[in-house]
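Asks: The primary structure of each chain is shown beneath.
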Amino acid sequence: MSVGTIKAAVIQLECKLSRESGNMRRAERYIKKAINDGAKLVCLPEAFLTSGNILEVADVAVTIPGDCTDRLGEIAKEGGIYLVAGLLEADNGIRYSTSVLISPDGSIVGKYRRVHCFEMERQYIHQGDDFCVFDTDIGRIGLLQGYDMNFPISCMELYLREVDIIVCSALVPEEFYYVTNQLLQARAIESQCYIIFVSGIGANPYAGFRYMGGSSVMADPMFLENERFDFEDGDETMMLMAMEEEYRLIDLDINRLRKYRESKSRIGDVVPTSYLKNINTNLQLET
Amino acid sequence: MRVLLISTNKIRVPRPALPIGMAYISAALKQAGHEVHVLDLLWQARELKAVLETLKGNDFDMVGVAIRNLDNLTFIDPIFFGPLTLKIIKCVRKYTNAKVVIGGSGFSVEPKPFFEYAQPDFGIAGEGENAIVALADYIEHGTGKLEEISGLCYIRDGKFMKNGTFGTVNVGLIEPDRSIYDKQYFVETVASTTDLTRDSQPAIETLQTKRGCKLACSYCIIKKTEGRGNRFKDPRQVATEIQQAMLDNPAVKEFEIVDATFNVPLDYATEVCEELARIKLTTPWYCQLSPTAINKEFVDLLGRAGCIRVDLGTDAFSEPGLEHLIKGFDQARIVEVDHILRASTLEHTHCVFVGAPGETPKVLRDSIEFSEKYLRPNQIYANLGIRIFGNTKLQRIAVKKGIIKPDHNMFLPTFYVEPETLACADTLNYVRDTYLKYKNWYLWWGLKGQTLVDRARETVKIVQDMHEEYEYMMQGVPRLEDWTKDPAMNEVGKWDASKIEIIQVV
Numbered sequence: 000m001s002v003g004t005i006k007a008a009v010i011q012l013e014c015k016l017s018r019e020s021g022n023m024r025r026a027e028r029y030i031k032k033a034i035n036d037g038a039k040l041v042c043l044p045e046a047f048l049t050s051g052n053i054l055e056v057a058d059v060a061v062t063i064p065g066d067c068t069d070r071l072g073e074i075a076k077e078g079g080i081y082l083v084a085g086l087l088e089a090d091n092g093i094r095y096s097t098s099v100l101i102s103p104d105g106s107i108v109g110k111y112r113r114v115h116c117f118e119m120e121r122q123y124i125h126q127g128d129d130f131c132v133f134d135t136d137i138g139r140i141g142l143l144q145g146y147d148m149n150f151p152i153s154c155m156e157l158y159l160r161e162v163d164i165i166v167c168s169a170l171v172p173e174e175f176y177y178v179t180n181q182l183l184q185a186r187a188i189e190s191q192c193y194i195i196f197v198s199g200i201g202a203n204p205y206a207g208f209r210y211m212g213g214s215s216v217m218a219d220p221m222f223l224e225n226e227r228f229d230f231e232d233g234d235e236t237m238m239l240m241a242m243e244e245e246y247r248l249i250d251l252d253i254n255r256l257r258k259y260r261e262s263k264s265r266i267g268d269v270v271p272t273s274y275l276k277n278i279n280t281n282l283q284l285e286t
Numbered sequence: 000m001r002v003l004l005i006s007t008n009k010i011r012v013p014r015p016a017l018p019i020g021m022a023y024i025s026a027a028l029k030q031a032g033h034e035v036h037v038l039d040l041l042w043q044a045r046e047l048k049a050v051l052e053t054l055k056g057n058d059f060d061m062v063g064v065a066i067r068n069l070d071n072l073t074f075i076d077p078i079f080f081g082p083l084t085l086k087i088i089k090c091v092r093k094y095t096n097a098k099v100v101i102g103g104s105g106f107s108v109e110p111k112p113f114f115e116y117a118q119p120d121f122g123i124a125g126e127g128e129n130a131i132v133a134l135a136d137y138i139e140h141g142t143g144k145l146e147e148i149s150g151l152c153y154i155r156d157g158k159f160m161k162n163g164t165f166g167t168v169n170v171g172l173i174e175p176d177r178s179i180y181d182k183q184y185f186v187e188t189v190a191s192t193t194d195l196t197r198d199s200q201p202a203i204e205t206l207q208t209k210r211g212c213k214l215a216c217s218y219c220i221i222k223k224t225e226g227r228g229n230r231f232k233d234p235r236q237v238a239t240e241i242q243q244a245m246l247d248n249p250a251v252k253e254f255e256i257v258d259a260t261f262n263v264p265l266d267y268a269t270e271v272c273e274e275l276a277r278i279k280l281t282t283p284w285y286c287q288l289s290p291t292a293i294n295k296e297f298v299d300l301l302g303r304a305g306c307i308r309v310d311l312g313t314d315a316f317s318e319p320g321l322e323h324l325i326k327g328f329d330q331a332r333i334v335e336v337d338h339i340l341r342a343s344t345l346e347h348t349h350c351v352f353v354g355a356p357g358e359t360p361k362v363l364r365d366s367i368e369f370s371e372k373y374l375r376p377n378q379i380y381a382n383l384g385i386r387i388f389g390n391t392k393l394q395r396i397a398v399k400k401g402i403i404k405p406d407h408n409m410f411l412p413t414f415y416v417e418p419e420t421l422a423c424a425d426t427l428n429y430v431r432d433t434y435l436k437y438k439n440w441y442l443w444w445g446l447k448g449q450t451l452v453d454r455a456r457e458t459v460k461i462v463q464d465m466h467e468e469y470e471y472m473m474q475g476v477p478r479l480e481d482w483t484k485d486p487a488m489n490e491v492g493k494w495d496a497s498k499i500e501i502i503q504v505v
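Residue numbers (numbering that gives the first Met the number 0), protein chains in the order written: chain A, 0 to 286; chain B, 0 to 505.
Do not rely on the hints blindly, as some may be mistaken.
Under the rule of at most 25 Å between Cα atoms (straight-line distance), these lysine-lysine pairs were calculated in the DSS-like manner [to be verified]:
(1) K263/A / K9/B
(2) K48/B / K93/B
(3) K258/A / K9/B
(4) K258/A / K276/A
(5) K263/A / K392/B
(6) K447/B / K372/B
(7) K392/B / K295/B
(8) K182/B / K263/A
(9) K460/B / K400/B
(10) K161/B / K182/B
(11) K93/B / K158/B
(12) K258/A / K89/B
(13) K404/B / K222/B
(14) K182/B / K9/B
(15) K48/B / K258/A
(16) K460/B / K263/A
(17) K400/B / K361/B
(18) K460/B / K258/A
(19) K32/A / K6/A
(20) K29/B / K55/B
Residues of chain A clear of chain B, computed beta-carbon distances all greater than 12 Å [to be verified]:
(21) Y29
(22) K31
(23) T62
(24) E77
(25) Y123
(26) Q126
(27) D128
(28) T135
(29) P151
(30) Q181
(31) F230
(32) T236
(33) E245
(34) S273
(35) N277
Since the hints were made in silico from the structure, they are not lab data. As the structure is a prediction and not an experimental result, all values here were calculated from the model. Beta carbons: idealized from backbone N, C-alpha and C, even for Gly.
With the hints as extra help, turn the sequences into a complete structure.
Replies: Here it is in structure tokens:
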């Protein structure tokens, strides 16, 4: 399917603990502004509604579908947009950190439950067990969340499914700002796709840190250098926000990306059957 | 005037070619009092970054972009250099106010579509030494007339204008500015994969003894780049130039005469060789020869003059191929020349196209058997297919055969491979097997790993992609009409700087 250039909106939202209605209200305001500006894809951070309220996840997690996704669906339908939002999800007593993709008809296209959770998190939320890529009329969209970026295999899974845009909703502590940006650049090169890293900002008073902000859009520099006559080193970070609440739009040319990936693809060189074999064995031996 | 010359050549096979064209332009500009800087992209892994850095650190009035080749002329492994040129020009436009001038043989072969595509301020088709100096004067002082500059391409009254090429460059008065050559050209390297006769490649210098060619090969574009008639350097000047170049650069161990065909006309080549023999030149050298004008006496003279190897423009081993390529000799002549050279001290290579017009499967097989049976060169260097350029007899043959349409854009890589042969897997397999059988026969570096059938299928797709990419890049770009001499249509004779219309790159 030919896609062409789409406008993607990145909403770097201040996600405040115990301020769900305020978070939703501000998110709505930005989404509507993005719609007015011609966005076709709008992205919200991880756990945008509740912030990273892991300790109280049993109380704040929402069902999917549920009230929140219903409201997001209404807005998406009104604006004719695809919408990605991170939510703490409750499903029959089990909680996940989930990203949901909502279509322009208001329905849920699919959701991704974060696979990688760090040790402390796992006391409160479960790990997902599948990576997802969704075919849409604006390109093939894959969903990840911030912590997944530490694991190259997350992006590799999506790359093998020829993902065009990875939307990575994130709430990453500030101390990881530098390495996260390094990881994003590497993942964009590995995955030969656009990565929209949409981060929340604000403080987590329980844990005593701030979230990093620094939402960004990355692409493979080889692709961009191919496309542009004035590419300079560093331009692979196509957009980078500071640590303030804001929203920005960016044009993503999906057809050109696909053409590049088709000609320079490494997918045929991947050897999944050789990966992690020994690691799995070792883990089993250890346990 | 501060001038930046950018050499865009990226071809390293069979060895990195010294940018002699740019060196001639540099010499002409320096002689006229201009300050010349050069950037040779052959040695830059990231070309645009290098251009950007050069532009940011300087303030140039004119940027000359030298195009040696439009593409690598290789059907089996095609690379199109147009996009790189376009990016460079856009980059220059963005970061400087310099006037952009493109030239070189790659531009000269298809000036109008290249101009339309790359949108420079000016283009110079054909020899550029006099034209670039006249243009620099015009830009700097407003002196002279644009319509009097040889081969100049520009926008006149909103239309594309290409002046005639006057062929007035006096080859006796010009020498390339060898100071612009990057030192990396002069490092001994491992011999190219295409060179099966030696293991290492010493540093070389190059020189031209003449401009133009009187042969009429059906695919050739030299009349567009150098003109049809011959203009010669005095043989004594040739000898002096070589001696001086060797003296100036002790790293140089060999040199190459880069005339398209050194031995035509034979009497001039003989004079040059006699002069080189007279001065007892000790530097080994090589050149390209046409089989039309080779005899034992000349080959002996070549040896005495220091020549150690010759590349023969044999072009085809079949009679129909030779006929369609208008080579002016036949198979018997090839055998005769092969015998003469075999008996000499000179190494010789037959350079041929496989799949030339008329080389149907049967004809091609017969021609390969012919070469196996009768020829004993040091090497056979073959290319599958021939690049077709506009306004050549080969283009007309290709149109007649239905390979291309009459309005096909020859700016983009387009090749002649005899259709019946290209469609015949047995023949392609036979060609591959034969070229793999002989250690001194070369067709393509990847031949061992892939069948020609598969490779041909891939390259057809690659070329098709190049054409699609061109269409993408040309979206919204105005197509140029030719300027007409009708005075009612154009205002003629009033020339000043404001008359120069520059297409703005969006």
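Asks: For every hint, state whether the structure bears it out.
Replies: Going through the hints against the structure:
no.: 1; hint: K263/A / K9/B; verdict: holds, 20 Å
no.: 2; hint: K48/B / K93/B; verdict: holds, 14 Å
no.: 3; hint: K258/A / K9/B; verdict: holds, 23 Å
no.: 4; hint: K258/A / K276/A; verdict: violated, 33 Å
no.: 5; hint: K263/A / K392/B; verdict: violated, 37 Å
no.: 6; hint: K447/B / K372/B; verdict: holds, 24 Å
no.: 7; hint: K392/B / K295/B; verdict: violated, 32 Å
no.: 8; hint: K182/B / K263/A; verdict: violated, 33 Å
no.: 9; hint: K460/B / K400/B; verdict: holds, 20 Å
no.: 10; hint: K161/B / K182/B; verdict: violated, 36 Å
no.: 11; hint: K93/B / K158/B; verdict: holds, 24 Å
no.: 12; hint: K258/A / K89/B; verdict: holds, 22 Å
no.: 13; hint: K404/B / K222/B; verdict: holds, 23 Å
no.: 14; hint: K182/B / K9/B; verdict: holds, 16 Å
no.: 15; hint: K48/B / K258/A; verdict: holds, 23 Å
no.: 16; hint: K460/B / K263/A; verdict: holds, 14 Å
no.: 17; hint: K400/B / K361/B; verdict: holds, 18 Å
no.: 18; hint: K460/B / K258/A; verdict: holds, 13 Å
no.: 19; hint: K32/A / K6/A; verdict: holds, 13 Å
no.: 20; hint: K29/B / K55/B; verdict: holds, 23 Å
no.: 21; hint: Y29; verdict: holds, 31 Å
no.: 22; hint: K31; verdict: holds, 32 Å
no.: 23; hint: T62; verdict: holds, 46 Å
no.: 24; hint: E77; verdict: holds, 33 Å
no.: 25; hint: Y123; verdict: holds, 47 Å
no.: 26; hint: Q126; verdict: holds, 41 Å
no.: 27; hint: D128; verdict: holds, 40 Å
no.: 28; hint: T135; verdict: holds, 23 Å
no.: 29; hint: P151; verdict: holds, 25 Å
no.: 30; hint: Q181; verdict: holds, 21 Å
no.: 31; hint: F230; verdict: violated, 6 Å
no.: 32; hint: T236; verdict: holds, 16 Å
no.: 33; hint: E245; verdict: holds, 28 Å
no.: 34; hint: S273; verdict: holds, 22 Å
no.: 35; hint: N277; verdict: holds, 31 Å
In summary, the numbered hints that this structure violates are 4, 5, 7, 8, 10, 31.
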